[in-house]
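Peer 1: Residue strings, one per chain:
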Amino acid sequence: MVAQDAHAHSAPQGFIRKYIFSLDHKVIGLQYFFLALTAVFVGMFLSLLMRIHMIWPGVSLPLVGEIKPETYLSLLTMHGTIMVFFVLTTAPQGGFGNYVLPIQIGAPDMAFPVLNMLSFWTTFVGFVVIIAAFFVSGGAPLHGWTGYPPLSALQSAGPGEGLGADLWITSIAIFCVASLMGALNFITTTLDLRAKGMTMMRMPLTVWSWFITAILGLLAFGVLLSAGILLLMDRNLGTSFYVPLVVVNGQVLGHKGGSPLLWQHLFWFFGHPEVYIAILPGMGVASQVLSTLARKPIFGYKAMVYAMLGIGFLGFMVWGHHMFMSGMSPYSAFAFSILTMCIGVPSAIKTFNWLGTLYKGRIRFHTPMLYAIGFVSLFVSGGLSGPFLAQPVLDIQLHDTYFVVGHFHLIMGVAAIFGIFAATYYWFPKMFGRMMNETLGRIHFFITLAGTYAIFMPMHYLGMAGQTRRYSQFTEVAYQAKLIPLQTFITVAAIITISAQIIFVINLFWSMFKGPKASDNPWEATTLEWTTTTPPPHDNFGGVTPVVYHGPYEYGVPGAPRDFVMQNDPATVSAH
Amino acid sequence: MGLALLVVIWLITLVSTYFFIAKTWWLPVGAAASAGFIDRQFDLTYLLMGIVFLAAQLGLGYLAWKYRERASAPPADYSHGNTKLELVWTVLTAALFIGLNLMGSTVWAHERFDPAEGGAVQVEVTGMQFAWYFRYPGADGKYGATSPKLMDPSAGGEAALGLSGSDPAAKDDIVTGTMYVPVNREIDLSLRAVDVIHSFFVPNLRFKQDAVPGLNIHLHLRPTAIGDYEIACAELCGLGHYKMHGMVHVVSQEDFDKWLAAREAEKQ
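Chains A and B are the protein sequences, given in the same order. Under my numbering, think of the first position of the first sequence as 1, with each following residue one higher. Under my numbering, think of the first position of the second sequence as 577, with each following residue one higher.
Careful, some of the hints might be misleading.
Listed next, the stretches of chain B that the computed footprint assigns to chain A, with coverage defined by at least 3 CB atoms under 8 Å from CB atoms of chain A [said to hold, decoys possible]:
1) 583-597
2) 612-622
3) 690-701
4) 708-717
Non-contacting residues of chain B with respect to chain A, defined by C-beta distances greater than 10 Å in every case (computed) [unchecked claim]:
5) T659
6) L661
7) N677
8) A721
9) E762
10) Q785
11) R798
12) A801
13) G816
14) H817
15) S828
16) Q829
17) W835
18) L836
19) A841
20) K843
Bear in mind the hints are in silico, worked out from the structure with no lab data behind them. If you're wondering where the values come from, they're calculated on a predicted model, not measured in any experiment. We put the beta carbon where it would ideally sit given N, CA and C, even for glycine.
Bound conformation, chain A alone (with noise of 0.2 Å):
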């Protein structure tokens, strides 16, 4: 294609231009996924401290001392907006999506190399602007990821809600800047910089995935951006958009007229849509990799494709299904209700053609499979009790207890983060040439897998039982009191799986540079990265421009000499 050869740019010499200030997708890839790295041990460690502190209060912690109920909500705000942005955005998308989708589909980088090194390194100050909150005076926000005004729009509604705050939401309107930049840039490049007889339904479901995720992105980033604008007028220009007369602590507030559900529709406009931009890039990954090490055809490549389309289509009309108990009216939340059962059905054959792909197939148990098929597991969980907060009248019961809490970490929290974990065994021969260690991924992955369950689904019963969100203690309601041995049990899980964490990190860091050498296709896959060197080259396929003659999945052909044909193979042809 004609377009690739005007964004050709020769390989940088210095250490800024190469690794710093570095134009190449490879880097820019790498970086976001160093940089979502520290991000989720940032958030992992302010959740260690939440769960002990709400099952030992009295105890003094590392680094913040004795933690009081507002200290709580600031960890608890910081833990889901840093996750959510910083680790569940950026790394699959930015990370992953930013070092394969240009080689998957055959291009020698992105499409606007400038554009992607602006956009990591906006999201980079915006992960600085975000830390800052926690040393300003008055601590972080303590309004919840969510930022439910009049609470966040008011300086005088508690700690944490001056200047705080106001890092908090500029943090949020500089990563959503990034975000769009960063969705232009994937959305072009699939669209223009495909290598030849690469068409779309000839692109790896990973690449759809981020395809669709970029898009998400593109429509939903905006609103949140323009909603985060308006509450930062409303905490410091006298604006009233999203706060009515209201009255603090005996003093009334000079604001008149304004609507804090207003914030709800648009922060659902964007917060639904960014559930998918979180789990599709997983799905993507949990795609690719069953159908490489089941050594099998993906089970019904079209129906993946169009089941992601319509999640992301209905995706955008379900937002008002957290919002059935805020006062909305009660009409539209029957049908916010129907619309969100609907998206459950692409979600449905998604899982049916995952299991698909498992059926007589080979399975290799490497790594990456075992986090693939742990993704599966998380999927279902978590999907299933969707249905039950879908209904408006169950909804009743369980909306913000720790039913939900349980639901969302299962399936756009951990099995994401399951996501990023097989991506990172599967794509780690690549980007760094060597070998993870095999046998401590096993071991992680079942402790993960183990203790993951037993954190969150207890929850489910917890929230059963009527036991709400976002509390710092349990003591001052006699019927939620009950419940602390459950929550220490939780905490007891979390301690043994956080700590897990850590063969991971051994893992990785070890094996990078000491695990063994790859080779260019060590897990004899049919992508175009694979093709490659590993590393690849800094144009990827070493001044080649591959053609590509088959679809993404061709494994076990019959009549040809190994088990798969590689995209690019020319001599053997297959139906796909």
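We have chain A already, so just place chain B on it with the hints.
Peer 2: For chain B alone, kept in the frame of chain A given last:
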């Protein structure tokens, strides 16, 4: 490895399911007219999702073990899927999910579309950082005016709500910190918040509704069993969120009348 995976996935699935079936932790005892409907819909959803959960998880573990790579295993099947199966699965899921939803929606309509019956007991619930106040309109059946300027949370009671002294309708209004309602009567609730969003959650009464500044939300419920039921705030409202609790006392009509008369007497 296939066997290990099967054992772990099956164990997780069966242990999780055991606690759901044993009902070790479950919905609290229902004490409102809606509890029957809501709990039945919950049980039905739980049964259907439980079947899918068991089938999918046990199937996943089984497939992983059964189709593990072995020297003796046949070559992998070269198949790109099965459109007929795909359609059957899609139609079945759609029917299940949408059918389930339509069944539940009649209950929702009854709870939230219809206004309270005539002659219902009126109670206004106001949330503020970090307490609940309950107001009864008194013999005139009318809530008196309140003014934001008069609100004084530190004083509590009527002063916290900023009840106007000059409005005759306010003269017989009763403001309390705990809620009393008669059993088996329709209660017409009016929910307000003065500062930030709170949520009025009474698990035993199967009742939850956000109280939103600027809105006055009317809902109704009918308690069916005498008893004391805890209120927990369910919407993050600030540093005291965890201790913003309260109590609903569902009492006989006779006790309710006595209690109300005593409050009126106190006020005079």
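Peer 1: Taking the hints in turn, state whether each one holds.
Peer 2: We went through each hint and held it up to the structure:
Only residues whose C-beta sits within less than 8 Å of a C-beta in chain A count toward coverage, and the segment 583-597 of chain B has 6 of them, enough to reach three; the restraint holds. Counting residues of the segment 612-622 of chain B whose beta-carbon sits less than 8 Å from any beta-carbon of chain A gives 6, enough to reach three: the coverage restraint holds. A count of 0 residues in the segment 690-701 of chain B with a Cβ less than 8 Å from any Cβ of chain A is obtained; the coverage claim is therefore unmet, three being the minimum. Judged by the Cβ-Cβ criterion of 8 Å, the segment 708-717 of chain B is not covered by chain A as claimed, because only 0 of its residues qualify and three are needed.
For T659 of chain B, the shortest C-beta to C-beta distance to chain A comes to about 8 Å, within the 10 Å cut-off, and the non-interface label is violated. Not every CB of chain A is more than 10 Å from the CB of L661 of chain B (nearest about 8 Å), against its label as outside the interface. Against the 10 Å criterion, N677 of chain B falls within the reach of chain A, whose nearest CB is about 5 Å from its own CB. Taking the minimum C-beta to C-beta distance to chain A, about 14 Å, the non-interface status of A721 of chain B holds against the 10 Å cut.
Interface exclusion of E762 of chain B from chain A stands, the closest Cβ pair being 17 Å apart, more than 10 Å. The beta carbon of Q785 of chain B sits about 6 Å from the closest Cβ of chain A, which is not more than 10 Å, so the claim that it is off the interface is violated. Non-interface status of R798 of chain B relative to chain A is upheld: no Cβ of that chain comes within 10 Å, the nearest being about 14 Å off. Its beta-carbon lying about 16 Å from the closest one in chain A, A801 of chain B satisfies the requirement of being farther than 10 Å from that chain.
Not every beta carbon of chain A lies more than 10 Å from that of G816 of chain B, the smallest distance being close to 7 Å; the non-interface claim is violated. Non-interface status of H817 of chain B relative to chain A is broken: a Cβ of that chain comes within 10 Å, the nearest being about 6 Å off. Under the 10 Å C-beta cut-off, the non-interface status given to S828 of chain B relative to chain A holds; the minimum distance is some 23 Å. Non-interface status of Q829 of chain B relative to chain A is upheld: no Cβ of that chain comes within 10 Å, the nearest being about 26 Å off.
Interface exclusion of W835 of chain B from chain A stands, the closest Cβ pair being 22 Å apart, more than 10 Å. Interface exclusion of L836 of chain B from chain A stands, the closest Cβ pair being 26 Å apart, more than 10 Å. Every C-beta of chain A lies more than 10 Å from that of A841 of chain B, the closest at about 29 Å, which supports listing it as non-interface. Every CB of chain A lies more than 10 Å from the CB of K843 of chain B, the least distance being 22 Å, so the non-interface label holds.
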